[in-house]
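Visitor: So the chains spell out like this:
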Amino acid sequence: MQEQNIQTHTFGNGLTLVVEPMSDVQSAAFSLLVPGGSIYDPPNKNGTASVLCELMTRGAADRDSQRLSADLDNLGLQRSENVGGKYLTFSGATLAENLAPVLKIYADIVQRPRLPAEQFEAARGGVEQTLRALEDEPRQKVIIELRRRCYNSPWGLPSDGSLGDLDAISIDSAREQFDRCLRPNEAILGIAGRVQFDQLMSLVEEEFGSWDEKPELTFESGSSGPSLDQIHHESTQTHIGIAYDAVPYRDPDYYAAWAAVSILSGGMSSRLFTEVRERRGLCYSIYATLNSLPDEGRVLCYAGTTTERAQETLDITLGELVRLQDGIEEGELDRCRARAKSSLIMQQESTIARSSAIARDWFHLGRVTTLKEVRDKIEALTVEHVLNYVRQHPARDFTILTIGPQPLEPS
Amino acid sequence: MQKFREEKLANGLQVIAELNPNVHSVAIGYFVRTGARDETPDVSGVSHFLEHMAFKGTDKFTADDVNRIFDEVGAKYNASTSEDLTLFYGAILPEYMPQTFELLSNIIYPSLRQDDFDMEKNVILEEIGMYEDQPAFTLYEKSMQMHFAGHPLGQSILGTTESIGGLKSEQMRAYHREHYKAGNIVLAIAGNTDWTRILDLAKQQCSTWPSGTCDRWTEEARPTGTLKVITKHSNLQQHLMQMMPAPPAEDELRYAAELLSVVVGDETGSRLYWELVDPGDAESAELGYNEYDGSGTYLTYLCSEPDAMAENMKRIRDIYQAVNGKGVTEEELKQAKSKVASRIVLRSERPMGRLASLGSNWVYRQEYRSVEDDLKTLSSMTTDDIVRLIEVYPLGETTTATVGPLKTLSL
Numbered sequence: 007m008q009e010q011n012i013q014t015h016t017f018g019n020g021l022t023l024v025v026e027p028m029s030d031v032q033s034a035a036f037s038l039l040v041p042g043g044s045i046y047d048p049p050n051k052n053g054t055a056s057v058l059c060e061l062m063t064r065g066a067a068d069r070d071s072q073r074l075s076a077d078l079d080n081l082g083l084q085r086s087e088n089v090g091g092k093y094l095t096f097s098g099a100t101l102a103e104n105l106a107p108v109l110k111i112y113a114d115i116v117q118r119p120r121l122p123a124e125q126f127e128a129a130r131g132g133v134e135q136t137l138r139a140l141e142d143e144p145r146q147k148v149i150i151e152l153r154r155r156c157y158n159s160p161w162g163l164p165s166d167g168s169l170g171d172l173d174a175i176s177i178d179s180a181r182e183q184f185d186r187c188l189r190p191n192e193a194i195l196g197i198a199g200r201v202q203f204d205q206l207m208s209l210v211e212e213e214f215g216s217w218d219e220k221p222e223l224t225f226e227s228g229s230s231g232p233s234l235d236q237i238h239h240e241s242t243q244t245h246i247g248i249a250y251d252a253v254p255y256r257d258p259d260y261y262a263a264w265a266a267v268s269i270l271s272g273g274m275s276s277r278l279f280t281e282v283r284e285r286r287g288l289c290y291s292i293y294a295t296l297n298s299l300p301d302e303g304r305v306l307c308y309a310g311t312t313t314e315r316a317q318e319t320l321d322i323t324l325g326e327l328v329r330l331q332d333g334i335e336e337g338e339l340d341r342c343r344a345r346a347k348s349s350l351i352m353q354q355e356s357t358i359a360r361s362s363a364i365a366r367d368w369f370h371l372g373r374v375t376t377l378k379e380v381r382d383k384i385e386a387l388t389v390e391h392v393l394n395y396v397r398q399h400p401a402r403d404f405t406i407l408t409i410g411p412q413p414l415e416p417s
Numbered sequence: 024m025q026k027f028r029e030e031k032l033a034n035g036l037q038v039i040a041e042l043n044p045n046v047h048s049v050a051i052g053y054f055v056r057t058g059a060r061d062e063t064p065d066v067s068g069v070s071h072f073l074e075h076m077a078f079k080g081t082d083k084f085t086a087d088d089v090n091r092i093f094d095e096v097g098a099k100y101n102a103s104t105s106e107d108l109t110l111f112y113g114a115i116l117p118e119y120m121p122q123t124f125e126l127l128s129n130i131i132y133p134s135l136r137q138d139d140f141d142m143e144k145n146v147i148l149e150e151i152g153m154y155e156d157q158p159a160f161t162l163y164e165k166s167m168q169m170h171f172a173g174h175p176l177g178q179s180i181l182g183t184t185e186s187i188g189g190l191k192s193e194q195m196r197a198y199h200r201e202h203y204k205a206g207n208i209v210l211a212i213a214g215n216t217d218w219t220r221i222l223d224l225a226k227q228q229c230s231t232w233p234s235g236t237c238d239r240w241t242e243e244a245r246p247t248g249t250l251k252v253i254t255k256h257s258n259l260q261q262h263l264m265q266m267m268p269a270p271p272a273e274d275e276l277r278y279a280a281e282l283l284s285v286v287v288g289d290e291t292g293s294r295l296y297w298e299l300v301d302p303g304d305a306e307s308a309e310l311g312y313n314e315y316d317g318s319g320t321y322l323t324y325l326c327s328e329p330d331a332m333a334e335n336m337k338r339i340r341d342i343y344q345a346v347n348g349k350g351v352t353e354e355e356l357k358q359a360k361s362k363v364a365s366r367i368v369l370r371s372e373r374p375m376g377r378l379a380s381l382g383s384n385w386v387y388r389q390e391y392r393s394v395e396d397d398l399k400t401l402s403s404m405t406t407d408d409i410v411r412l413i414e415v416y417p418l419g420e421t422t423t424a425t426v427g428p429l430k431t432l433s434l
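Same order as they appear, the protein sequences are chains C and S. So the first sequence is numbered by the working numbering: it starts at 7 and just counts up by one. So the second sequence is numbered by the working numbering: it starts at 24 and just counts up by one.
Just chain S, with the same shape it has in the complex (with noise of 0.2 Å):
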């Protein structure tokens, strides 16, 4: 049976535990509420920068020392950035909880030395270039800056080749200081382990982190539309990325929007997947739900043959104003529940599965939701909750990115 625990420390760092005593290892994740979107434009990139230098080390711990520690005891661990959050996590056996949390708990807290910055700048860069020769990161960056243009979700997580290549080490021990609040962070942990335990060490760890909180501007955003096409000769398929609006994290509406991705647009089975890639038109077709805080997207992507776009945007076009006129079918909605309670329990089998649930939901939402909330809150929803999401958020191409051999796309 799963227990679920939380505190808040005097610092304001919140504290919360699925504790589960029937699986073999322990996940422990810091979710920093800082991301893309709460960097200024002289610094765009630094939060991922951050994440980088995390595991440059501290006073305590040299960056040999950090790989080497998380190595020998076996974590699997690393560290993501996002618009929204950084997340620092690992994956351990239970008995080496004690190093690996102090060893995590102090690399938030970097020293930012500078020949380790002026070392991982190149590094970044690095990542950046890496990324401009995948078309879909290339496209997810352009559609996200255009879609929510002048909305701070529109600010690239990378950031530039200028923009990194003058970044300062002052300027990220500022952001830092900002932003590395106990009060914006969040410790969550699921698996095999004890509540004293955790708290124990959460009070040795953390009690001196600095208190306080960070505002951030949440207004949902209103995009207004873009076509933007890039073109790319070396590209042999032509790589399309749609966005629209979709609930934002807080909503309800989250759950249907989730359900409404897996009818239309899930890799296989959905109405995209038996309208183009089945007849093998496209090699993919498919429509996600992403949640942020206060805004949300329906993300469509398509890659086929370049001279087979337009036609194969037409067939998406027709579908969505389909499922906007009259909704999913009982047997379209009952596939798609029968599919995501699979994969809520697979993922739920390991505490690294458990832990990235366990974190959002109370980042976005202050709740805390066992495996068989998410179950019960599946199974209770109905075509009619379909019609009420498409009411206020109707499928649709609000904006457009292309990379590939085409010059120009029509609309």
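In isolation and in its complexed conformation, chain C is listed as follows (with noise of 0.2 Å):
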């Protein structure tokens, strides 16, 4: 493994910059998480946080929404925005040399928003029809609403909004939700690939060091939603969601919890793919995905079938599931870490991944950990270890909901 030089420094203002320089290669990306994703929306304004990221993309300082559009462009970036919890996250990646002029634009985005009136109008709309394309697609809609019946909200909630809240939402909530959420503090900015951390460092001092701090923020929580529920949909297909307790990336038990997940969904030789699909045919899709906030976790697996198989995949999915705990093979766990290797030495071909991962570290651990650091967790790993954890929690009490023509509960 390649030795890593990764550098930090928390601003006076609180944002945390996090740097990993990559010599091998000519691009570089950033990601940037600054306060305001939807668990700060309003009571029964689902959605605030994603009309709000909409809009400040449409124009800052002195730019209008063509002209950003136009810049960043033309400086080859390919960048995303995407709607958390906690954060708003500002991803994007191109050519190292045009990184500093995108950053300068960005500082732009996140202080000075212009968050136009004229507008507003299409911001919420886009959100709407984002939100209505999202419901021709059950097989993601499943895992959006089976978050929000196992997470309490506003955990649960759908980060990119609601469609029976957009109504409610107006430019004032938006402008709030921005005066009030977006801050330094508690910002990161993962940049990876071809740059130099002293250049950074100036450069992110000069354009985000006069940002000011805000205090800081609160919200309500509340419940969940029913553990056994069924959306109606008129198809051939029914789409499954299975949610069970797991731990957070934070707990020392996370890799444990990774592996378990792993054994059951992590290749084409796991249990679930084996067993479901290859074995018995029953479905074309099926995985298992570990899901982590900053103190809960779950795991979420999905299985999408023919409506009169639906049943025999639910009980067979759910059984594998508990089996877990019965015993696991040395084999099954030298996969996990065989994978874990390939997939952490190909990390280092990729800046937009490794810039997104060095920013979430630093949001879920306060520091960032190795390839190394991993690897040497994951190879320390025993299959007693695995199974210890997996008794202490066991796949159990859980949050099952259907999206199909007929309900289902298990046998």
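Hints listed in this document are in silico derivations from the structure and should not be mistaken for laboratory results. For glycine and all other residues, C-beta sits at the position ideal for the given N, C-alpha and C.
Restricting the straight-line Cα-Cα distance to at most 25 Å, the calculated cross-link-like pairs of lysine-lysine (BS3-like) are: (1) S:Lys26 <-> S:Lys399; (2) S:Lys144 <-> S:Lys83; (3) C:Lys378 <-> S:Lys99; (4) S:Lys349 <-> S:Lys337; (5) C:Lys347 <-> C:Lys383; (6) C:Lys347 <-> S:Lys99; (7) S:Lys251 <-> S:Lys337; (8) S:Lys255 <-> C:Lys147; (9) S:Lys399 <-> S:Lys357; (10) C:Lys220 <-> C:Lys110; (11) S:Lys337 <-> S:Lys430; (12) S:Lys165 <-> S:Lys144; (13) S:Lys337 <-> S:Lys255; (14) S:Lys99 <-> C:Lys383; (15) S:Lys357 <-> C:Lys110.
So, partial list: chain S residues that the calculated Cβ filter (under 10 Å) puts toward chain C: (16) Asn101; (17) Ile151; (18) Gly292; (19) Gly303; (20) Leu369; (21) Val426.
With the hints as a guide, dock the two chains, each given alone in a separate frame, to form the complex.
Guide: Encoded structure:
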């Protein structure tokens, strides 16, 4: 594993810069996490963060919407904006020499967006279009709605918003959210690629240094949804979502939890793929992933199948999740280690993957785990350790949601 | 520095490699020049079904062995089938090259055991069902069928429940014998390995493959144009796809077509984006360019509210007419070039990203193009090149298919 030289600095206003220089690439990528995500949406206005995020890129400082977009395109930036629970994330990648002018534009976007009133209807319309299109994609919708049912609000609320709440959101709600939430304290800027830390330090100081801190943010917690539910959908298909408790990323047992899910769903030799798809031909798509909030985690599992086979698919899948505590083979854990090793090493070929990984680490841990550290932790896992974890956090108390023509319940 | 090497084995297998010591992994791909267009109606979907059967093993490796060994070396592997090609690929760390190479080479001559065939048939039927629940996939299949009616490119990749249901393993064997001949296959390798090792492995694993090539009818399609409305009341949005002839894979005009699609219909910052997506009038409005052996298509995708469909289509038509009449501006072209250049560089930083362009350049054009070659061609493009393209391949809507609540659609 190549030596990594990850450097960090937290500025006076609380913004943390995390940098990983990579010598064998021509590109640079960044991931800028700024507080203001969907958990701060006002009650019954779920989607405010989403509308705000749309508005922020529609003009900032001396650039109007078209100019902003054209300038970023001319810099060859491949960009995306994402609304999460805690953060709005602005990320992008381009040729390394273009990074500095790109970051200057993003300094405007997060500190001096115009939030133009005349663009508000368009921004809200854009969010509405996205949410409507999602209604036609039950595969994605089932996971979003499963989160709503297995996490307490506001963490479980859809980060992109809810169709029913959109009408209540005004330009004032978006501006109020910006004023209240967007801030340098707790913001994180992760950068990876052909870059130098010292140069970035002075650039970030200059562009973000005078951004003022704001007082601590609060939000109201509510409840989660029913543990067994169905959303009616006329189709030949049934989409099954299953959730159960796991530990979060910052937990010392995280890597054991990761291995457990990996044994279930980490490769084509994993249990769910083998037992549900390969041996029984019950579905084409099945997976389980480990999902982490700052203080809690869940395993989220999906299977899509024709309606006549949905009951069997649900029962077999639940059976496999439960059966994990009966025993794990040495070979299963070996394969997890091998897959982890190659994906960790291959991450070093992607500036996008590294910039988001280091920013995410800082959010969850307040430090960055090096690839070598991760690898050592995974190498050190034993079957006994993973089994202990599984028995302490067994697959039970499931939250189950199906989207399809008929309701299901576990046999 | 990258180095290109090529050699043809005695049985006709073409071996090509782009060697690069500055990356961490190696990507290996078998590009088999067979796909949906090479099928007869009675075996519709057999290329794709066969791709699945490869992972069911050989005399030497059982189905469980195949997935287990790939996971043991931590490979990122999969396969895909298109109209033109069946591709089997894997990315690995260099030290796992021998076993991965042996496995990948073995599985493309699978045993096709009857019980595996019967079980996998269920998975294929599930896959067909899954795509029926995804409007964009349904539309792509329908549009291709209509646009290329009477031409082999109109043949379905997945097949139908009837064609797959009725398919016999003997028919698959015969298809495999006919199309999996060494002269019909390109072995492409990109990344950190050496040429002697590649040749040794290729000679060891592939020398016994049957020689020979396959003919394919590649005359350019002359679509006449049709409309298909698929009414689906359960959808919230209306989804629309339109196709129009564009340069074939062999045509030099393809570079201009690629750029034109970015200017007119890139996801952000394009003419369609500013006209429809930015104001919140559509969820997506994109123009893509697809190249095939002998033919090509411009593909328009529009997703919006059903009531807005007619008006949105008119706005797209106006944009296409304006482009056909006046071409594109210098500023637009410059922006598109910056975007494409950075995409080329970012994609090329991973061997997996290089593999796709390495293999398809060879399969379609018997040509090697380095990243520098691609960047040089890109920077040489002018607005006159776009005008020349439009003279031969103007934008438009020959074929239209739509899925959603609408019962009729007038063009």
